[in-house]
Amino acid sequence: MQIKEVMDLVLPYKDKLFRFAKSMVGNSFDAEDVIQEVLVRVWKKKDQFVEIDNKEAWCMTVTRNLSIDKIRSRKSKSTSNIEDFYHITDNNASPAVALEQKDALSNVMAMLNELPENQRSVMHLRDVEGYTYKEISDMTGLSVDQVKVNLHRARKTLRSRLTKIEY
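For what it's worth, this note's numbering labels the leading residue of the sequence shown as 3, then goes sequentially.
Incorrect hints may have been included.
Below, a list of computed lysine to any residue pairs in the SDA-like style, where the Cα atoms sit at most 20 Å apart [to be verified]:
no., residue 1, residue 2
1, LYS18, VAL42
2, LYS150, ARG122
3, LYS166, MET111
4, LYS16, ASP140
5, LYS47, GLU7
6, LYS47, VAL64
7, LYS24, TRP60
8, LYS47, MET9
9, LYS16, THR63
10, LYS48, LEU11
Derived from the structure by calculation, the hints contain no laboratory data.
Kindly generate the complete structure, drawing on both the sequences and the hints.
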């Protein structure tokens, strides 16, 4: 099998894989590293990859696992947190509005980062990427019921924390 044939199988998922990796690792540079490693793994297992029924789920699972590895290796090297690498700027907003938005985003990101890993990744896969419960189950190795429970708990936790914020 040629590299072009393998890339044609993976390229339809590249944007979702990148967004998922970036949401987990917190920055584009590490997300690019993760996706590059995913492509290397696909190439190394190209013969088995062709046999896989749900290639997208397999790629998402590999992306999730490599992202977790990247976060763990970063935490072992330093004590910085994921939100330290997540920056959004708004060129149209005034400095006061931009500061308020940055504080609000920091609060939400901190709340998201406090969620257990399963809840955080299930919430991203369902609410951001739009996967079904079954697809998320295939990607994470959790049962469909566990996916629903993790999603419910993540949403409930965020909702209760967001309602306690005073503006």
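Report the numbers of all earlier hints that the structure fails to satisfy, in ascending order.
-> Failing hints: none at all.
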